[in-house]
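K.L.:
Each chain, written out:
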Amino acid sequence: MESRITKKQALCMLVIFIISNIPVLTGYTAAERNLWLAYIIAFIAALPLYLIYSRLTTIYPEKSLYEIFGELFGRIPGKIISGVYILYCLNIAAMSVRNVSEFVNIVSLDKTPQIFILLCCMIVCFYVATRGIRTMTKFAILFLPVFVIVVFVMHIMSLNIYNYSNIEPIVIDDVPDVLKSGWVCFTFPMAESVVFLSINSFVKTDKGEGKKIYLWGLVISVVIIVSVVLNNILVLGIPTMIKLYYPTYTAISLIDFGVVRRLEIVSSALFFISGLLKGSFSLYLAYIGYKNIFDKPKERRPRGYLWIFLGGTVLISVAAYFLYPSIVELIDFLYAYSIYALPLQLFPIVLWIIAEIKYKKNKNKNVIKSDTM
Amino acid sequence: MKKKICLVLILFLIILLLCGCFNYSDIEDTVVVSGLAVDMCDDGQYKVTAEIMSAGSDNEVAVETEQKSEYGFTVFEAIENLKNSSGKSFNFRHCQVIFISEQISNDGISDIIDFAFHYSGFRLSMVLTVISGNDAASVFECEKLLYDTVSYGVFDMMKQDQIANSKCPSAQIYMCLNSLENKGKEMIIPMISVEEQEGEGKEYRFTGMSIYIDDVQTGTLSVEQSQLFMIFMGKTMNGELTYNFDENYASFEIKDLSVSREVEENLSVFDLNIDMIISVRQLPEGVDVSDDEQRTKLEEELSARIKEEINDLFLYVRDTYGSDIFGLGNQIYHVNPSAWAEISDEWKELFKDVELNIDVSCKINDAGRSSKNIVPNRR
Amino acid sequence: MKKEKIDKKKTGFSLLKKIMPNNSSEPRESLKFSEEKLKNEKTSLNADSSKIKISKNIQDNINYIKKLIGDDPTVKIREFHTKADTPIKCAAFFLDGLSDDTVISEQFIKPLILSDAPVSDNVLNTVMSEILYGGDCVSTCEMADMVSAILAGDTAIFFDNCDQGIVADTKGYKLRSIEEPQNEKALKGPREGFVENLMTNISLLRRKLQTVDFKIRFFTFGRKSNTKISVCYLDSVVNKKALALLYERLEKIDMDAVLDGNYLEEFITDKFFTSFRTIGDTERPDTAAAKMLEGRIVIMVNGSPSVYTVPYLMIESFQTSDDYYANSFYASFMRVLRIISYFLAIMVPGFFVALISFHNYMLPKELITSFISARQGVPLPTIVECVALLLAFEILRETALRVPGSIGQPLSIVGAIVLGDAAISARYASAPMLIVIAVSCLAGLLVQNTKNSILFFRIFFLVASSILGMYGFLLAFLVFIIHLLSLKSFGVDYFDYNIFKSPQKQKDYLVRAPWWTMLMFPEYLTKAKYRQKSGREK
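Protein chains in written order, with our numbering: chain S, 1 to 373; chain D, 1 to 379; chain Y, 1 to 538.
So here's chain S without its partners, still in its complex pose (with noise of 0.2 Å):
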C-alpha cells in the first residue's frame, strides 16, 4: 500500500521545486533590464508543456512517469529512458545542492571548505529523503506559505528605494539576448519539473484534474519570479545587478526600513531550506525510479532501502562536487545544460503525441465493441 497525497501538496511541492532558487538567484541576465519580460516568455514558451502533462495525467491516470515509458515503448526500451531520466533527476539534485553550498561558502563560510557544506547537507538531504513522499510535501504545505509571505513583505518593505526608471523603456530593443536569457530560464527552472511527473502514481487525479497541479503550480512560480525579478532590477539597477553572483541577497541587504535591517539572513535562510528540499526531492525521485526499474513498483519498503538512499546520496555528492570548478563558470554551466537537458524536457512531447494516438485507438475499439455488443 503506497502513501497518498492530495493534489494540493503536490501542487505546493511544485512550486518549491521551480522557485528554490530565487530568493538568491535570478538566472541568466543577457537581457539585462528585461529580464523580467525573458521570464514571461519563458512561462509562454512553458505553457503548452505543462497542459501536455496535465493531459498525460489524464490519459494514463495514477501512472508514473516511468510506468508511462514502459506501456508506450515496451518494457526493456522503457527501463533505459526511465535509467536516464533517473539520472537526470540525480542531476538537478546535484545542481540543486551544489547552489546551496556554493552560496553558503561564498557569503558565510568562506574559510570552511566547501565539500564540508555539501557533505553536510548530503546527509541531512538522505535524511529527509527516506522519510517518504507524504512527510516532504507535508513540509511543503506548511513552508511555502511561509516563503511567499516573506518574499512578499521583503518586496513591500524594499518599495522606499526603488528608483523606477530603471526598467524603462519597456519594449524589448535587443531580441536575440531576451531570447537567449528567456531559453536558458526555461530549462533552468521552468521544464525541470518533467521529473515531476513520476509521482502522478501517489495522488488521485480524476479527468482534467491534472491542470490543477501543473497549470496552478506554474502559474503561481511565474508570479513569483517575476515580482523578485522586477524586485531586483528596481532596487539595484542594471549595472549593479549584471555584475552580482546573487542578486536577490544583495538587494534584500539593501532593505533599511525604519528597524528592520539586515534581513538578508532571512532571504539566505529561504533559499537554504528550498534548496535541500528540493535535492531531497529529487533524490526520492530517482528512487522511485529505482523501484520501477527493479519491478517493485507497488512494494513499500523494498529490500536495502537505506542501501539505495546512501547510493543515490554518494552519486549526488561527487556530481555536485565535479560539477563546474568554481561561481565563475556557473553561466557557461547553465548554458551547458540548456543544451544538454533540453532533449530530455521535450521528451514528454513525443510522449504525449503517442499516447494521443493510442488513447483515439483505444476509444474508438471500445466504442466499436460496445456497438457489436
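No lab work stands behind these hints: they were computed from the structure.
Be aware that a few hints might be false.
Heads up, incomplete: computed chain D residues facing chain Y, CB under 10 Å, no partners named [to be verified]:
hint : residue
1    : 23
2    : 26
3    : 27
4    : 31
5    : 32
6    : 93
7    : 94
8    : 125
9    : 148
10   : 275
11   : 277
12   : 286
Pairs of lysine to aspartate or glutamate residues, derived as EDC-like cross-links and limited to a Cα-Cα distance of at most 20 Å, are as follows [stated by the list, open to error]:
hint : chain 1 : residue 1 : chain 2 : residue 2
13   : D       : 183       : S       : 174
14   : D       : 88        : S       : 110
15   : S       : 111       : D       : 26
16   : S       : 243       : D       : 215
17   : S       : 243       : D       : 181
18   : S       : 8         : Y       : 496
19   : D       : 83        : S       : 174
20   : S       : 8         : Y       : 493
21   : D       : 183       : S       : 110
22   : S       : 111       : D       : 28
Here a beta-carbon is modelled for each residue, glycine too, at the ideal position from N, C-alpha and C.
Given chain S, put chains D and Y in place with the hints provided.
P.N.:
Frame of chain S, contents of chains D and Y only:
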C-alpha cells in the same frame, strides 16, 4: 562484516563533525570598523585609516574609538596590511562610510569604487563621502557629538538630512557604480569639510556635493545649489526655502513635489515641469495668506524665483563643468533606446548644447496655525 | 554437479544479503515464536497450573492447593459443611491481609453453614441461586483461576462432589485515599486523582461519564505479576483504527511483570527512537474523561495511578486542564505562550551561539561592543561555556526535584542567583550567555510534558550550530521538523499540518475557543461529527 562497514561509516561521520568550525571565531576576537578614510601619499601609496570601536573592559559602558592607518599600493593591499597588523579579525560589515580625500577624487576614484563593490566584507549600502582638502583622516579627530563614532555621526547626519532637509544626495556604492557605468548620468558624491575652531576642536560640516565626469571630480556645488539639484531630480521629501521679500525674509516648507520631464524630437531640448505644494512657515510681512489674491501673487512670485534659480543652476553646471548630473541622457534612453545607442558616445559634447525649458508651479497649502501675521500694537 | 552450481550462485547472493540489512516488512523470527507461545498461554497465565481442572473430590483439590502454596503462612484454609443431613462439604481458601474477613464470614461462610440444602447433583446451582448472599461470585472449572483468585485477595471455595468452584470477590486491603496528584496541580477544577486500585479508578472515571457508550475491556499481563489492565473508550466517538491497532499491539506483549504502565508503553508505542512521547499520561480523572470524550482510548493499569491515553498528539503537550476551567481569552493567551516557550527553549541557545561565533556581523553594533566587553577575560570558548552552563542548570533542576522538601526551594534560589553572580565575577561565564541559558531553561520548565524532546533537541541544535553556524541551525531545524512530521501516534498524524485549513480546526489548537463554538469533533481524531447541537446567541 556489516558491523565493520557501519563502524567505518560512523568514524567517518565523527571525523567530519569534529573537524568543523573553520569559520568559528569568538566575539571578543573581532574588532568593529565603523569608517574608513582613504588618502593618497606622496609616493603614490594609498593610506587607509580605519576608525575602530573598542569596548571598555570590565563592563564599562563608554565606547572608545581608535584609529589605525596602513599603507599600500592598492586599497586592498592597505586593508590587508591593516588586518595583519593586529591579531584580531576585522569586521567591516558595520562600516558605513568611506571618506575620500579631494586629492584622490581629482585623480579618479573608480578603483576605490570597484574595490568596495567586489570586496565581500563590505556592504553595498555603504556611503561614499568626499572630504575637502588633502587629509581625509582628519575627520576622525572631530568631535563625536553624542554618537559612538564620527562615522556613525556623519552617516546619521546625511540620513537625517534626506528626511528632513533634502539637501544631501545619497551616494551608496551601488548607486555610484550605476552612475559610473551609465553614460547618461554622471556621479555625484556629497562633500564634507573639516573645520577647526579656536580652542574647541574640529568639527565636520556638510558643504555641498562634488560633481564628476566619469570618475574624475570636475567641480563642486554649494549647499543651496545641492538643494536645488535635489528639487530638480524630484527627490525632495522635505525642505525649506528662504526668500527675501522687500528686505523681509520669509520661509517656506516644501510639502510635496512632483517632477516630470520630457524630451523633444530633436533630442536636445528638454522640458521640465515642477509642481510643488508649499506651506508658509514664516509669513512675509504684510501678506495675508487667506486672501486669495494675495496668495496667488505670492505663489507666482515664488514660482518665478525657483524657476530662475534652477535655470541658473542648470546653466552653471552645463557651461562651467559640462557634466550631465541631471540624467538627461537617461531621459533620451527611456524614450528612444535605439537613438540613444547612436549618440551615447558623444553625449558629453552634445550635452553642452542642450537647452532646458522649465515650468514651475507652486501651490500654498497651509500656513501652520494661523494665516495672518502678527501686527504689533494693532489694537 | 548441478547442485554445486546452484550453491555457488547462492553464496554470491548470500554475501550481498549479509551486507544489506533486511528492512522488509515481515516480522522477525523471534516475534513469531512469541506469538505462538502466547496463543497457547492466552487462557491462563499461571503456567504451572494451566489445563488442570477441578476434581470432584474435594480432598484432591485441598491437597493440590496445599502442595502449591500451602507452606505460605498467610494462606488460610477453612473447611466446613452445611447443616443438612447430607451436608455439602466446603473448603474456603483466602489470603490473610488481602481479603476482608467480615465479608467472607458474613456473606459466604455463614449462609453456607446455616443452610440445610442437601447434596444434590447440581450442587453449584443450589449454592449460587439459593444459599450464598455475596453479590460478586463467579463459578469456574479451571484450577488456575482458583489459584490466581486466592493470590489476588478473593476467596476460592471448593465443594465436594462438584467439579466447579466459586471465586468470591472479597478484596479488602488498604489503599491510598483519593487526593490531588502532585504533578498535575490545577488552579481551578476538581482535585481528585487516580489511585493504585484499578476498580477505584474505573469508578472515578465512570462517575464522570454515566453513559451506555462507556465500554471496558480487561487484559491480564505479566507472568509473575498477573497485572490486570483495562482499556476504556466511548463507543460512539472512539477512533476505531486506533483501537484496532492497540489491540493488535497488546496481544503481542509477553513480559514477566508489568508494574507500571511505562513497561507497557515501550511495547505499544509507534516509534521508539524518538524523544517525543506518542502516548500521553495523566493522573486526573477529569482529564482522562475529557480525552475519552474526544475519541481517545484510556488504558489503566492496576497498581499505578497514571493512566495512559492513546492517540496522543503534539498539541496535547501544550494543553492543560486549567485551560478549560478558566476564561477563554486567558486560556488562549497562555496556550500560545506555552507553544512559544517550547520553541524558545529548544532554539535559543543554538541560535545565540551561531550568531555570536559565526555571524557576529548580524548583530547591531551596540550589542557587539557590549558582548565584547562582557566576554573580556572569560577563558572558555563560547560553545564550551554554553554547554557548561547548561549542565549546571540541569544539575540544579534535578537537585531541586530530588532533595527532600524543605531544602529544595532555598537551594534552587541560592544556586540560581548566587552561583550565577559568582560565576560572572569570577569570569567563568559571561552575563549574556547566562541570560540566554536562563531564558531557555525557564521556558523549558513551563512545558513539562515535552521534557524529553527539549533535552535532546536543545543539545542537537547547539551542536549543529557550533559546526556550521546559522546554516547548521537551519539544517537542525529541517531535521527537527521533518522528524516531527513523520511521527504518527496510532495511525493519527502527530503534528497536524492542516490547522490553517479552516477555522473549525483551529478551535482547540493554538487557541482555546469558547465552549459554545466547539460544535464539532476534531476531524483528524475521529469520524464522529457533531459534539453539540448549537451554541448560544452570542
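K.L.:
For each hint, tell me whether it holds in the structure or not.
P.N.:
Going down the list of hints, with the structure as the test:
no., hint, in the structure
1, 23, "5 Å, holds"
2, 26, "6 Å, holds"
3, 27, "5 Å, holds"
4, 31, "9 Å, holds"
5, 32, "6 Å, holds"
6, 93, "4 Å, holds"
7, 94, "5 Å, holds"
8, 125, "13 Å, violated"
9, 148, "7 Å, holds"
10, 275, "40 Å, violated"
11, 277, "37 Å, violated"
12, 286, "52 Å, violated"
13, 183/D to 174/S, "18 Å, holds"
14, 88/D to 110/S, "17 Å, holds"
15, 111/S to 26/D, "15 Å, holds"
16, 243/S to 215/D, "19 Å, holds"
17, 243/S to 181/D, "11 Å, holds"
18, 8/S to 496/Y, "15 Å, holds"
19, 83/D to 174/S, "46 Å, violated"
20, 8/S to 493/Y, "17 Å, holds"
21, 183/D to 110/S, "36 Å, violated"
22, 111/S to 28/D, "19 Å, holds"
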